Amino acid sequence: MVELSKATAVALAAEKATITRNRWLSFPAVAIIIVFGILPLLIIIVYSFLKAAPYGGVEWRFSTNAYVSFLFQKDIFDDTLQFSPNYLIIYFRTFLYAVATTVVCLLLGFPTAYFMATRPPSQRNIWVLLITIPFWSNLLVRTLAVMLVIRDQGLINNTLMALHLIDKPITMLYTNFAIMLGLLYSFLPFMVLPLYSSLEKLDFRLVEAGHDLYASKRQVLWRVIVPLSMPGIVAGCLLVFIPALGAYVTPLILGGGRHLMIGDLIAQQFGTGRNWPLGSAQALILMAAVLVALYFYSRPGVKQGTHG
Amino acid sequence: MAKAAPPLDIKAQTGFRTVAYLCLLVLYLPIAVLVIFSFNSGNQIMHWEGFGAGWYGSAFYNQDFHSAAITTMTIAAVATVISTIAATLAAIGMTRTKAWPGMAAAFMIINLPLMVPEIITAVATLSFFALLSTTIGLSFGLGNLILAHTVFCIPFAYMPIKARLEDMDLTLENAAADLYATPWNAFRRITLPLLVPGIASGAALAFIISFDDFTITQLVAGPGQTTLPLYIWTQIRLPLTPEINAISTILLLVSVAFIFMSFWIARERK
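In order, the protein sequences belong to chains A and B.
Position 262 (the first sequence) corresponds to 261 in numbering that gives the first Met the number 0; numbering is contiguous.
Position 89 (the second sequence) corresponds to 88 in numbering that gives the first Met the number 0; numbering is contiguous.
Rather than coming from a laboratory, the hints here were simulated on the basis of the structure.
If you're wondering where the values come from, they're calculated on a predicted model, not measured in any experiment.
Using N, Cα and C, we set each Cβ at its ideal position, and we do this for glycine too.
Hints may be right or wrong, so weigh each one.
As the list claims (entries may be wrong) - To be clear about the criterion: a stretch of chain A counts as covered by chain B if any three or more of its residues have a C-beta under 8 Å from a C-beta of chain B, and this derived list gives those stretches:
#, segment
1, 86 to 94
2, 105 to 117
3, 160 to 170
4, 184 to 193
5, 200 to 214
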């Protein structure tokens with residue numbers, strides 16, 4: 000009895016030592032992210048409830064002005080608040096851009112990922128590499144490349160003019176079209192890769208079974224393949240939707256400051272002489288939208304496709 | 000002939016091949032234009048006058064490009080070393096072990112930088128360093144950027160290291176333990192060498208993520224702290240010359256080199 004409890008004590012002590020060791024091993028990474036990643040987020044929560052200082056930065060006095068001015072504008076004559084939808088419109092427009100980007104990426108990305116997954120293994124690696132290269136390439140450079148194609152003297156206009164199909168360049172840069180194209184171009188690989196890794200694991204015997212039971216190819220696609228790849232579809236949509244909501248480089252370069260999205264609206268508030276508390280509040284409202292998207296993703300129902 | 004179609008036919012969906020090649024075209028056409036026009040000998044960015052590598056020469060002698068390259072490399076190298084060490088230690092402490100209290104939270108914290116949109120991280124980090132310098136006069140100089148980069152490099156370094164640890168066979172380590180190797184020796188002689196590919200591929204990802212970062216760098220950078228993406232941004236706002244194509248092509252080449260390295264390491268695994 001005594002022996003046994005001694006052995007248990009030794010085992011317990013060893014386990015405790017392992018836990019302590021594992022905690023210490025994880026400590027540096029966790030500490031760096033808490034201090035330089037999470038603490039800053041807490042600071043902008045505080046900032047959003049402070050007064051704006053006249054030359055950028057904040058004054059340490061409590062104020063809900065940032066949130067009020069998100070929706071209202073003070074009348075200069077009688078100080079009454081008037082509803083002003085300017086920021087809401089930008090948020091709504093960004094939401095539409097993000098949804099449209101996600102849908103188009105899915106429509107292009109799903110067939111691509113499926114085609115990749117049905118190649119022989121040797122070709123698959125090449126396809127994955129070809130999609131991975133843009134995934135990891137510099138976003139700014141890629142956006143600049145899009146600009147070179149759609150400028151007034153860009154590839155498309157130059158080609159059309161050389162073919163005498165048009166005599167004046169078609170304006171594409173700094174339009175909604177430019178932003179949509181830029182977002183699509185930026186985030187397409189983010190859709191293809193998770194879809195591919197989901198479709199690659201697909202059990203194609205189920206496709207054969209569907210075929211044997213006289214389902215047409217499109218029926219097999221909608222009834223078997225799509226439901227089975229739902230986890231990949233959801234992951235891909237999230238990986239496109241969230242960065243598209245926060246897009247900054249695309250509107251900066253292809254929107255020319257005229258078609259604002261949330262990302263460059265927030266960055267603008269943090270320039271000198273701008274309103275930091277308002278920018279903080281705008282950032283937090285964006286964060287709330289992202290958390291809502293993540294919440295829908297984490298709901299158990301969404302990922303059920305795996306067992307479908 | 001047999002009535003049964005070959006299996007590939009059952010899998011194939013009409014039109015999918017076309018869409019796949021269309022995607023490749025969309026993804027590569029703009030990059031191809033950028034690279035081709037970097038070899039334009041003329042002064043105009045989109046008017047082809049002849050083949051020449053002159054703009055690479057002019058980039059080579061461009062002092063601003065040099066100092067931006069050095070700043071970028073310094074930040075990326077230091078952030079990669081710190082984040083890879085921290086990520087390796089965390090992966091060892093959190094993989095193939097009994098879940099300890101707080102481990103799930105630690106895992107969430109490490110992955111957090113991936114969930115927060117970059118622009119939010121950027122303004123938050125800017126506010127944080129501004130607060131440090133206005134209240135206690137503390138600024139780390141280039142260290143501000145290095146710390147900001149380290150935060151988002153950690154999860155990228157962590158993923159492949161963790162995956163490698165999970166794939167690793169326990170047999171060798173158990174054998175070492177049976178042969179009376181101390182835990183430290185077993186780790187140093189067996190686990191660590193087996194882990195090297197994971198660490199290398201994690202470090203490659205961390206480096207490329209730091210090297211390419213624009214959004215966070217742009218907002219956090221102090222005066223005179225110009226990285227290559229920031230340099231490109233200042234040039235985009237001026238009348239464009241093919242030199243910007245040449246510099247962009249060099250950046251793309253660095254990315255591609257690191258991706259190939261990471262791919263090659265991953266294939267060696269098998």
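Now for the hints, and whether the structure bears them out:
Here the segment 86 to 94 of chain A counts 0 residues with a CB under 8 Å from a CB of chain B, which misses the bar of 3, and the coverage is violated. Counting residues of the segment 105 to 117 of chain A whose beta carbon lies closer than 8 Å to any beta carbon of chain B gives 8, which meets the minimum of three for the stated coverage. Counting residues of the segment 160 to 170 of chain A whose CB lies closer than 8 Å to any CB of chain B gives 0, so the stated coverage by that chain is violated, three being the minimum. Proximity of the segment 184 to 193 of chain A to chain B, defined as three or more residues with a beta carbon under 8 Å from a beta carbon of that chain, is established by the 4 residues found.
Check result for the segment 200 to 214 of chain A against chain B: holds, 4 residues qualifying (beta carbon to beta carbon below 8 Å, three or more required).
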